[in-house]
Amino acid sequence: DAGVIQSPRHEVTEMGQEVTLRCKPISGHDYLFWYRQTMMRGLELLIYFNNNVPIDDSGMPEDRFSAKMPNASFSTLKIQPSEPRDSAVYFCASSPQTSGRAAGELFFGEGSRLTVL
Amino acid sequence: AQTVTQSQPEMSVQEAETVTLSCTYDTSESDYYLFWYKQPPSRQMILVIRQEAYKQQNATENRFSVNFQKAAKSFSLKISDSQLGDAAMYFCAYTRYYSGTYKYIFGTGTRLKVLA
Numbered sequence: 001d002a003g004v005i006q007s008p009r010h011e012v013t014e015m016g017q018e019v020t021l022r023c024k025p026i027s028g029h030d031y032l033f034w035y036r037q038t039m040m041r042g043l044e045l046l047i048y049f050n051n052n053v054p055i056d057d058s059g060m061p062e063d064r065f066s067a068k069m070p071n072a073s074f075s076t077l078k079i080q081p082s083e084p085r086d087s088a089v090y091f092c093a094s095s096p097q098t099s100g101r102a103a104g105e106l107f108f109g110e111g112s113r114l115t116v117l
Numbered sequence: 001a002q003t004v005t006q007s008q009p010e011m012s013v014q015e016a017e018t019v020t021l022s023c024t025y026d027t028s029e030s031d032y033y034l035f036w037y038k039q040p041p042s043r044q045m046i047l048v049i050r051q052e053a054y055k056q057q058n059a060t061e062n063r064f065s066v067n068f069q070k071a072a073k074s075f076s077l078k079i080s081d082s083q084l085g086d087a088a089m090y091f092c093a094y095t096r097y098y099s100g101t102y103k104y105i106f107g108t109g110t111r112l113k114v115l116a
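Just so you know, the protein sequences line up as chains A and B, in that order.
With our numbering, the residue at position 27 of the first sequence is 27, and numbering never jumps.
With our numbering, the residue at position 102 of the second sequence is 102, and numbering never jumps.
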């Protein structure tokens, strides 16, 4: 089975530009999470979805960040306008949550490394 | 509030030797899950091992095992016969089901170096 797929793997952009990160969760997983990882702050939860509906976006740093999940197989995280302090690795993870042996387990993508100059 | 503490920012182990990574957590709940995730230089977070709090038996996965001390709120990871491929960041994580979803708390990680 394919795991969580993220794109792009690397993104280098200039301050002020719009950045869109993409994620395809594992089929059948009801929950999708966006995390940000930096050396200073570690792993931070930005937002998560349940059945395509945003449930908790309290971790989104500011209005420049937005996330959507138009269907069960696709989600985007958008930063507009981007700033140098947004440089980080952004992870998408999905989870089956309550069902089966993997209940509660997070399945991570390979991450998107964002560098804002 | 729940917290997860990894007090060892970095550890080193000789190849083929055994190393133990520490993790403590704080919770007032009785039903939860604990995980160890590995993050190699390739970046992807990979599940190493999981432990259900209601199970008294310590989880094992090949060379990886945990020492789960529920009363002490301790969840250490033991890696036996360390291999060069074990070099990575290791994150301890806690989760429990709350208000219709699982809430995850991650530790700050321990960087493991494996010396040839």
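No lab work stands behind these hints: they were computed from the structure.
Hints may contain errors.
To be verified - If you anchor each label on the Cβ, the simulated ranges turn out as follows:
hint: 1; chain 1: B; residue 1: Asp81; chain 2: A; residue 2: Gly3; range: 20 to 28 Å
hint: 2; chain 1: B; residue 1: Ser28; chain 2: A; residue 2: Glu14; range: 46 to 54 Å
hint: 3; chain 1: A; residue 1: Glu18; chain 2: B; residue 2: Pro41; range: 23 to 31 Å
hint: 4; chain 1: A; residue 1: Gly28; chain 2: B; residue 2: Tyr54; range: 22 to 30 Å
hint: 5; chain 1: B; residue 1: Asn58; chain 2: A; residue 2: Thr115; range: 20 to 28 Å
Built from N, CA and C at the ideal position, the CB exists for glycine as well.
| field | 20 to 28 Å as the expected CB spacing between Gly3 (chain A) and Asp81 (chain B), which holds or is violated | value | For Gly3 (chain A) against Asp81 (chain B), whose Cβ atoms are near 27 Å apart, the range 20 to 28 Å holds.
| query | When you take the CB atoms of Asn58 (chain B) and Thr115 (chain A), is the distance between them in 20 to 28 Å? | reply | At 42 Å between Cβs, range violated.
| query | Is the gap between the beta carbons of Ser28 (chain B) and Glu14 (chain A) within 46 to 54 Å? | reply | holds (47 Å)
| query | How does the Cβ-Cβ distance of Gly28 (chain A) and Tyr54 (chain B) compare with 22 to 30 Å: does it lie in that range? | reply | Given range 22 to 30 Å: holds, Cβ gap about 25 Å.
| query | In this structure, is the beta-carbon distance linking Glu18 (chain A) and Pro41 (chain B) contained in 23 to 31 Å? | reply | Check passed, 29 Å falls within 23 to 31 Å.
Violated hint: 5 only; the structure is consistent with all others.
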